[in-house]
Every structure is written in structure tokens, then in C-alpha cells.
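Based on the provided sequences and hints, a complete structural model is requested.
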Amino acid sequence: MLKEERHHLILDLLNNEGKLIATELSSRLNVSEDTIRRDLRELDGMGVLHRVHGGALLKGASTVKFEEKFNQAPEAKTHIAEVGLKLIRNDQVIIIDGGTTTLTFAQQLPFDLKATVITNSPPVAVALSHHPNIEVVMLGGRLFKESLVNTGIATIQALEDIRADIYFMGTHSVHPQTGISIPDQEEAFIKRKMVNISAETVVLAEAHKLGTASTYVAAHVNEISYLVTESCVSSNVLIEYEKLGITVLQ
Numbered sequence: 001m002l003k004e005e006r007h008h009l010i011l012d013l014l015n016n017e018g019k020l021i022a023t024e025l026s027s028r029l030n031v032s033e034d035t036i037r038r039d040l041r042e043l044d045g046m047g048v049l050h051r052v053h054g055g056a057l058l059k060g061a062s063t064v065k066f067e068e069k070f071n072q073a074p075e076a077k078t079h080i081a082e083v084g085l086k087l088i089r090n091d092q093v094i095i096i097d098g099g100t101t102t103l104t105f106a107q108q109l110p111f112d113l114k115a116t117v118i119t120n121s122p123p124v125a126v127a128l129s130h131h132p133n134i135e136v137v138m139l140g141g142r143l144f145k146e147s148l149v150n151t152g153i154a155t156i157q158a159l160e161d162i163r164a165d166i167y168f169m170g171t172h173s174v175h176p177q178t179g180i181s182i183p184d185q186e187e188a189f190i191k192r193k194m195v196n197i198s199a200e201t202v203v204l205a206e207a208h209k210l211g212t213a214s215t216y217v218a219a220h221v222n223e224i225s226y227l228v229t230e231s232c233v234s235s236n237v238l239i240e241y242e243k244l245g246i247t248v249l250q
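So that you can map any letter, position 77 of the sequence shown is 77 in UniProt numbering, and since no number is skipped, the others follow by simple counting.
By construction, these hints were calculated from the structure, which means they are not laboratory data.
Be aware that one or more of the hints could be misleading.
As the list claims (entries may be wrong) - Below, a list of computed lysine-lysine pairs in the DSS-like style, where the Cα atoms sit at most 25 angstroms apart:
{"hint": "1", "residue 1": "Lys19", "residue 2": "Lys193"}
{"hint": "2", "residue 1": "Lys114", "residue 2": "Lys145"}
{"hint": "3", "residue 1": "Lys59", "residue 2": "Lys86"}
{"hint": "4", "residue 1": "Lys86", "residue 2": "Lys114"}
{"hint": "5", "residue 1": "Lys59", "residue 2": "Lys145"}
{"hint": "6", "residue 1": "Lys243", "residue 2": "Lys86"}
{"hint": "7", "residue 1": "Lys19", "residue 2": "Lys3"}
{"hint": "8", "residue 1": "Lys243", "residue 2": "Lys59"}
{"hint": "9", "residue 1": "Lys59", "residue 2": "Lys3"}
This is the structure:
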């Protein structure tokens, strides 16, 4: 079998099965484990899969500009936001981080909600500026223009003395084994800190983000309280998260 044929077959198997184990793949394709590891390394370098220890996972969607991403699947984002609102109560301290789904969530918050919202996302802060009973705490730092969030040591330090009731997290990839992961390391540090200071963490994720992985882990699955996703996701996919103690809402 030519290398190109093998690469196509590996990608077909990954798309159908969601993950690949190198030792099993070696037997299935009747080639050495060294050959499989080299194939996975090359395919990872091409950006078409995410290589992990012992195998490979589906790669999260390619990064696009915030404005373009915001206009993708607006109905799905709105439905996810509406479900997430069921977890909100008056007088909570709420963290909402950056992302187009979390921005949609912020835009859906009831106008009469009384709460404190802490965010490192300028678009989220602006969206809440006209809510009369929401106190908005804007975290400073260096603006990461790709995601429109503030990051860096100043953001971490601002979170040190905060204890939140609930954290609504936007993400790039969600996987039952690797957890929550994103392409940027500094943003991952911020998310990890937000998880650590929050009583509950809610991940808002569209269907295409499930079962994928990215470069930097922001949270492990056992740190997630709720996963809110689209109603189209099958129970066979979601049961893997529910087995880990995560409450899944659709």
C-alpha cells in the first residue's frame, strides 16, 4: 500500500471512529508501529488530525476570525444559550469568558437579572452594559485579537481574589478523554484559573466541537459540572460524558 493510500485510509477510519490507537492501527493496516507513528506525525503536521500519546484524535475546527465565527450557526448558539440560562439565578457571581457562543449567551441574559458578571471578553462586557442590575467586572490584560479576550499575568492576578458561583466557558474542543482544549496556551491558562475559582463549570459547545482535541488543555473532564450542546447530538456520543459524572443538557 502506498503511503498516500494509507494516509487516506487512516483519515477515513478516524472520521468514522473518532479516535485511533496506534497499536491497533498497525495490525489493521499490516504495517509496523514505527510506520504508523510516522504517518500520524506527518498527518498531524498537515493539520488534519491531532496526534496524542498512543494514537490520534479528530482535530478541532480551524481557527477563523471572531466576526466570521460569530455568524456561523447562529441558531445553534442561541439554542445552547437558552438552555444554559436555566442554570442562572439571581445574586450569583458569574464568570463568562470569551467566544461567540458565550457572547450569544450573555446577550440572552434576562434584563431583570440581578448578578455580578466577571469577564475577560470586551464583547461580553459591552453586551451587558445596558443591563441595569448586572454589575460587570472587566478583567484587564493583553488583548488576544484572534479571540477578543484579555490574557496574561494581569488577568490571572485579577482572578486571584475572586470566588464565583458558576463559570460559563466557551471552547474549541471537547473530548471525554483529553477534556477541554484550545489552540492558545495563554488563553488556556486563563480558563484553567477560572475553573479553579468557580463552584461549578458549564461548557457551552456546538456539536462539531465534541470528540475533538486541540493543543492546550484548559480543563479535565472531571472538573466540568455541565455540558450544554445541541439537541442533534446522539445519546451514543453523550453517554461517554455522562459516564464521567457530567450533567449533559441539550
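Consistency of the hints with the structure:
For the hint linking Lys19 to Lys193, the alpha-carbon distance of about 29 angstroms lies beyond 25 angstroms, and the restraint is violated. At most 25 angstroms may separate the alpha-carbon atoms for a hinted pair to count; Lys114 and Lys145 exceed this at roughly 30 angstroms. The suggested pairing of Lys59 with Lys86 is violated, with an alpha-carbon distance near 31 angstroms, which exceeds 25 angstroms. The suggested pairing of Lys86 with Lys114 holds, with an alpha-carbon distance near 15 angstroms, which does not exceed 25 angstroms.
With a CA separation close to 22 angstroms, the supplied pair Lys59 and Lys145 stays within the 25 angstroms bound. Between the alpha carbons of Lys243 and Lys86 the distance comes to roughly 22 angstroms, so the proposed pair stays at or under 25 angstroms and holds. Between the alpha carbons of Lys19 and Lys3 the distance comes to roughly 20 angstroms, so the proposed pair stays at or under 25 angstroms and holds. For the proposed pair Lys243 and Lys59, the alpha carbon gap of about 23 angstroms is at most 25 angstroms, so the pair holds.
Proposed proximity of Lys59 and Lys3 is supported: the alpha carbons are some 21 angstroms apart, at most 25 angstroms.
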